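**Student:** Residue numbers (our numbering), protein chains in the order written: chain A, 4 to 359; chain B, 4 to 359; chain C, 4 to 359.
Bear in mind the hints are in silico, worked out from the structure with no lab data behind them.
Given the structure is predicted, the values throughout are model-derived calculations rather than measurements.
Hints are supplied without guarantee of correctness; some may be wrong.
When chains are identical, the list treats them as one kind, so a pair holds in a single copy or across two.
[Claimed, not checked] Distance condition first, Cα-Cα at most 30 Å in a straight line; then the derived DSBU-like pairs of lysine-lysine:
1. K305 to K344
2. K204 to K344
3. K344 to K53
4. K53 to K204
5. K53 to K324
6. K344 to K89
7. K53 to K305
8. K324 to K305
9. K53 to K89
10. K89 to K204
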Amino acid sequence: MSRQSEGRTVAELAALVGGRAAGDAGARVFGVASIEAAGAGDVVFVEDEKLLEAARACAASCVIAPEGAAARLVGARSVIEAARPKLAFALVAEVLNPPRRRGAFVHPSATVAPGAQVGGGVYVGACAFVGEGAEVGEGTQILAGAFVGERVRVGRGCVLHPNVVLYDGVEIGDRVVLHACVVVGADGFGYVRDEAGVYHKFPQVGTVRIEDDVEIGANTCVDRAALGVTRVGRGTKIDNLVQVGHNVEIGERVVIAAQTGISGSTVIESDAVIGGQVGFGDHARVLAGAVIGSQAGVLPGKIVRPGVWWGTPVQPLEEYKRLNALWGRLPRMREEIAELKRQVRELTSRLGEKAD
Amino acid sequence: MSRQSEGRTVAELAALVGGRAAGDAGARVFGVASIEAAGAGDVVFVEDEKLLEAARACAASCVIAPEGAAARLVGARSVIEAARPKLAFALVAEVLNPPRRRGAFVHPSATVAPGAQVGGGVYVGACAFVGEGAEVGEGTQILAGAFVGERVRVGRGCVLHPNVVLYDGVEIGDRVVLHACVVVGADGFGYVRDEAGVYHKFPQVGTVRIEDDVEIGANTCVDRAALGVTRVGRGTKIDNLVQVGHNVEIGERVVIAAQTGISGSTVIESDAVIGGQVGFGDHARVLAGAVIGSQAGVLPGKIVRPGVWWGTPVQPLEEYKRLNALWGRLPRMREEIAELKRQVRELTSRLGEKAD
Amino acid sequence: MSRQSEGRTVAELAALVGGRAAGDAGARVFGVASIEAAGAGDVVFVEDEKLLEAARACAASCVIAPEGAAARLVGARSVIEAARPKLAFALVAEVLNPPRRRGAFVHPSATVAPGAQVGGGVYVGACAFVGEGAEVGEGTQILAGAFVGERVRVGRGCVLHPNVVLYDGVEIGDRVVLHACVVVGADGFGYVRDEAGVYHKFPQVGTVRIEDDVEIGANTCVDRAALGVTRVGRGTKIDNLVQVGHNVEIGERVVIAAQTGISGSTVIESDAVIGGQVGFGDHARVLAGAVIGSQAGVLPGKIVRPGVWWGTPVQPLEEYKRLNALWGRLPRMREEIAELKRQVRELTSRLGEKAD
Numbered sequence: 004m005s006r007q008s009e010g011r012t013v014a015e016l017a018a019l020v021g022g023r024a025a026g027d028a029g030a031r032v033f034g035v036a037s038i039e040a041a042g043a044g045d046v047v048f049v050e051d052e053k054l055l056e057a058a059r060a061c062a063a064s065c066v067i068a069p070e071g072a073a074a075r076l077v078g079a080r081s082v083i084e085a086a087r088p089k090l091a092f093a094l095v096a097e098v099l100n101p102p103r104r105r106g107a108f109v110h111p112s113a114t115v116a117p118g119a120q121v122g123g124g125v126y127v128g129a130c131a132f133v134g135e136g137a138e139v140g141e142g143t144q145i146l147a148g149a150f151v152g153e154r155v156r157v158g159r160g161c162v163l164h165p166n167v168v169l170y171d172g173v174e175i176g177d178r179v180v181l182h183a184c185v186v187v188g189a190d191g192f193g194y195v196r197d198e199a200g201v202y203h204k205f206p207q208v209g210t211v212r213i214e215d216d217v218e219i220g221a222n223t224c225v226d227r228a229a230l231g232v233t234r235v236g237r238g239t240k241i242d243n244l245v246q247v248g249h250n251v252e253i254g255e256r257v258v259i260a261a262q263t264g265i266s267g268s269t270v271i272e273s274d275a276v277i278g279g280q281v282g283f284g285d286h287a288r289v290l291a292g293a294v295i296g297s298q299a300g301v302l303p304g305k306i307v308r309p310g311v312w313w314g315t316p317v318q319p320l321e322e323y324k325r326l327n328a329l330w331g332r333l334p335r336m337r338e339e340i341a342e343l344k345r346q347v348r349e350l351t352s353r354l355g356e357k358a359d
Numbered sequence: 004m005s006r007q008s009e010g011r012t013v014a015e016l017a018a019l020v021g022g023r024a025a026g027d028a029g030a031r032v033f034g035v036a037s038i039e040a041a042g043a044g045d046v047v048f049v050e051d052e053k054l055l056e057a058a059r060a061c062a063a064s065c066v067i068a069p070e071g072a073a074a075r076l077v078g079a080r081s082v083i084e085a086a087r088p089k090l091a092f093a094l095v096a097e098v099l100n101p102p103r104r105r106g107a108f109v110h111p112s113a114t115v116a117p118g119a120q121v122g123g124g125v126y127v128g129a130c131a132f133v134g135e136g137a138e139v140g141e142g143t144q145i146l147a148g149a150f151v152g153e154r155v156r157v158g159r160g161c162v163l164h165p166n167v168v169l170y171d172g173v174e175i176g177d178r179v180v181l182h183a184c185v186v187v188g189a190d191g192f193g194y195v196r197d198e199a200g201v202y203h204k205f206p207q208v209g210t211v212r213i214e215d216d217v218e219i220g221a222n223t224c225v226d227r228a229a230l231g232v233t234r235v236g237r238g239t240k241i242d243n244l245v246q247v248g249h250n251v252e253i254g255e256r257v258v259i260a261a262q263t264g265i266s267g268s269t270v271i272e273s274d275a276v277i278g279g280q281v282g283f284g285d286h287a288r289v290l291a292g293a294v295i296g297s298q299a300g301v302l303p304g305k306i307v308r309p310g311v312w313w314g315t316p317v318q319p320l321e322e323y324k325r326l327n328a329l330w331g332r333l334p335r336m337r338e339e340i341a342e343l344k345r346q347v348r349e350l351t352s353r354l355g356e357k358a359d
Numbered sequence: 004m005s006r007q008s009e010g011r012t013v014a015e016l017a018a019l020v021g022g023r024a025a026g027d028a029g030a031r032v033f034g035v036a037s038i039e040a041a042g043a044g045d046v047v048f049v050e051d052e053k054l055l056e057a058a059r060a061c062a063a064s065c066v067i068a069p070e071g072a073a074a075r076l077v078g079a080r081s082v083i084e085a086a087r088p089k090l091a092f093a094l095v096a097e098v099l100n101p102p103r104r105r106g107a108f109v110h111p112s113a114t115v116a117p118g119a120q121v122g123g124g125v126y127v128g129a130c131a132f133v134g135e136g137a138e139v140g141e142g143t144q145i146l147a148g149a150f151v152g153e154r155v156r157v158g159r160g161c162v163l164h165p166n167v168v169l170y171d172g173v174e175i176g177d178r179v180v181l182h183a184c185v186v187v188g189a190d191g192f193g194y195v196r197d198e199a200g201v202y203h204k205f206p207q208v209g210t211v212r213i214e215d216d217v218e219i220g221a222n223t224c225v226d227r228a229a230l231g232v233t234r235v236g237r238g239t240k241i242d243n244l245v246q247v248g249h250n251v252e253i254g255e256r257v258v259i260a261a262q263t264g265i266s267g268s269t270v271i272e273s274d275a276v277i278g279g280q281v282g283f284g285d286h287a288r289v290l291a292g293a294v295i296g297s298q299a300g301v302l303p304g305k306i307v308r309p310g311v312w313w314g315t316p317v318q319p320l321e322e323y324k325r326l327n328a329l330w331g332r333l334p335r336m337r338e339e340i341a342e343l344k345r346q347v348r349e350l351t352s353r354l355g356e357k358a359d
């Protein structure tokens with residue numbers, strides 16, 4: 004992975020992350036790597052004390068390490084000491100391995116409606132589509148096959164990966180990344196049944212608003228609101244194959260892992276962390292800062308307070324652990340009950356004898 | 004959301020829904036809205052007694068309300084009294100906010116095979132594809148990037164949203180709506196292992212038949228049958244990211260929420276209601292009218308009778324609730340057993356003393 | 004389904020599967036079918052003793068049956084006796100109903116970058132895209148709308164179904180089948196949070212390697228590694244809507260059913276069988292040959308040994324069954340405890356009386 008950039012000096016990177024350079028601060032590094040695969044020109048990080056030896060032995064030109072660890076690492080290489088090496092490594096990667104920027108371009112096979120407003124430096128890939136009345140901000144990249152419906156607003160510096168679909172009228176902020184086959188703005192799932200048993204669509208005529216700096220994983224769906232707005236707040240990160248129902252409100256800096264499903268009108272407040280394959284009934288509310296473990300189930304209308312939650316129906320992790328341990332003790336409990344019954348029978352019989 | 008149609012009078016809408024108009028029956032309304040967002044020209048609905056005051060205070064031109072509620076709502080506005088306001092609202096929305104109809108059109112970047120038969124008024128969007136021998140009924144809309152394989156039959160008045168994929172030979176009825184990236188007719192998941200451990204594909208050469216008035220959510224997959232037909236019955240509604248395996252039979256007017264998975268050859272009879280993230284083993288059968296709660300697990304071969312079912316393995320809701328309550332009482336039961344053991348020990352010891 | 008091939012004689016097919024022909028070994032068959040739908044020219048199989056009568060009565064020209072069953076089946080038809088009729092049927096279908104092979108072709112609406120290397124006999128469908136520096140092996144079929152990013156390597160004889168997306172740089176082996184809307188190489192889901200609560204992307208600059216003879220179902224996602232490689236081993240079969248996280252290692256001949264999710268860095272060794280909707284925490288390891296039931300949950304770091312596993316957290320099937328049976332007995336246990344308390348109270352009271 005080396006040489007994907009013109010590189011930076013160790014001193015520059017140390018300054019960037021607020022760290023301290025040791026060894027040859029003028030050495031130039033070009034890309035990030037794992038300890039196992041690193042070669043000359045690479046920077047790696049080590050956070051775990053147990054991996055210090057492996058880091059020392061690896062071929063990287065620079066190691067980002069915990070404060071105080073430089074002495075044990077420097078040799079033929081440079082070291083950057085940082086309070087949080089993994090965070091420093093992520094910040095360094097933003098500079099050395101930045102996401103690819105495609106320049107201003109419209110592929111001849113793409114369709115951009117005459118009434119669409121496309122900003123400067125926008126890339127429109129092969130067979131991509133930008134509909135009538137859409138607005139696409141400066142520097143945004145719409146990759147091959149992506150579909151931007153009519154009156155959609157996409158901000159600046161976004162990346163729509165191949166085959167993303169934005170239904171008519173949805174709004175996307177700045178620097179939003181939508182991975183392949185993400186679908187934003189499909190109809191929410193709401194019907195009303197008549198006397199004959201036929202389902203009529205409850206109107207799904209609202210919209211979706213995805214705020215700045217959101218990233219959404221491949222094949223995830225965010226449905227439009229029935230009436231009103233489905234919202235994904237600034238800085239929130241959503242993994243692949245997630246379902247976000249109509250009128251859901253997701254706050255800022257929320258993290259949601261793969262395959263989780265969120266039913267209609269549920270609210271997930273800012274800074275919540277949601278595991279994978281979690282299911283939310285409708286009209287639930289997750290309060291700011293709550294953490295919900297994978298595969299948990301949140302019943303409709305449930306309020307999930309701050310803390311760590313687990314299981315179905317969701318309960319505090321400590322409670323879950325306690326009950327789960329007892330679950331394993333059920334056979335023992337059953338034996339104890341049988342033994343007690345035997346003893347009580349014997350006592351009763353002995354007492355009966357005495358009474359005679 | 005106002006003015007998306009030429010509008011209707013309150014009297015017309017009241018007749019449409021079999022309701023009673025109160026106030027200015029000649030007033031014109033143009034679109035549906037929520038109570039919070041409604042403005043002049045909008046119609047809203049209220050069903051819950053607690054929301055009557057909010058409905059009275061809102062700016063809508065017309066409120067659809069329960070029978071007998073008109074007197075408390077009329078003022079500057081009109082009211083339609085209806086036996087089921089939410090259903091009436093859905094029916095009104097079908098008229099005021101109808102789904103968009105794109106007229107006859109074939110985009111120059113689309114491909115329509117010479118041997119495809121395309122009916123009148125069909126819309127074929129940018130980069131859409133209609134294969135050799137396919138038949139597409141009158142008024143159907145094939146949006147950008149959608150793929151209609153060879154010998155596919157699509158009925159009249161359907162909407163295939165962007166990037167839908169219909170594999171060769173599948174059959175789609177009339178007025179079917181398939182949301183973005185729906186995949187119909189991919190190979191079912193069936194293999195036979197040989198002595199060397201290699202998996203050979205069990206033939207997946209059947210087809211899929213989706214009947215009239217079905218709607219299927221974004222990124223949902225309906226696999227072709229191994230031999231025979233995978234079927235989705237008339238009027239059934241399926242949410243996003245659902246998996247329908249090979250040879251599954253889904254009846255009419257079934258509702259299936261997001262991320263549910265149905266294994267091969269399972270049968271879901273008409274009028275069943277299935278929650279989200281439910282898992283079905285193969286060859287299970289859900290009888291007509293059964294309701295299965297979210298995240299439930301149905302074992303292979305299981306027959307689910309009418310009633311409400313919950314949990315894994317699936318059980319009647321009442322049973323599940325009773326057991327789940329006991330689950331929370333396990334710590335208490337454990338303490339009770341410990342206390343009983345102590346008491347029995349003491350009794351035994353006292354009886355022993357007496358025996359001396 | 005008859006006549007989809009020029010056909011083979013019963014003798015040829017018997018030789019192919021190592022079986023024994025009975026009846027007219029020169030009879031010609033053209034396609035596979037189910038017992039219910041078979042007509043003249045079709046071959047069916049029967050494995051279950053209970054279905055022998057139905058097989059005897061059906062209209063197929065040839066029945067593949069267990070050893071020793073020919074005498075009960077021959078009449079107007081031919082029989083092939085085989086040790087494993089279902090396997091023999093699959094092998095016969097590979098010959099009679101082979102997957103469709105499209106010849107060398109590049110659709111005028113497709114884009115093949117000048118620097119892409121495309122082998123002989125490659126099919127590139129409408130609006131498909133092959134990026135700069137990509138290599139596509141002989142006989143591979145890239146169907147409409149599929150996207151092959153820059154520097155991607157695709158082997159020989161592969162099929163990329165419509166709208167598949169291969170991000171830049173991923174590697175696909177020979178004879179790999181990727182169903183519609185599969186996404187390979189999207190960024191893994193990894194972030195590091197800074198003091199202000201902002202999430203920074205942990206670099207996702209590794210790649211994906213999918214080995215020979217893998218088949219992956221529609222809408223499944225295989226994320227690129229953070230650093231290093233996400234790998235899917237030779238002959239592995241993955242169903243629809245599965246999530247394979249960054250740096251996951253899947254061995255050879257693994258089977259994974261629909262909607263399962265595998266978190267980062269988890270290892271699934273060769274010959275494992277994984278049910279549907281299973282969730283894996285990160286850094287778990289499934290040892291060779293383990294079988295995990297549907298909807299199971301595997302905690303982070305867990306090692307799953309050979310055997311059959313079930314439930315959340317995952318446990319040996321026998322253990323799960325035992326505990327699950329007790330779960331149903333909880334009400335009974337609770338009553339027994341109450342009864343014991345009553346009896347002990349009575350004993351205590353009687354003993355007290357005696358003590359007086």
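**Student:** Of the numbered hints stated previously, which ones are contradicted by the structure, given in increasing order?
**Tutor:** Failing hints, ascending: 1, 2, 3 and 6.
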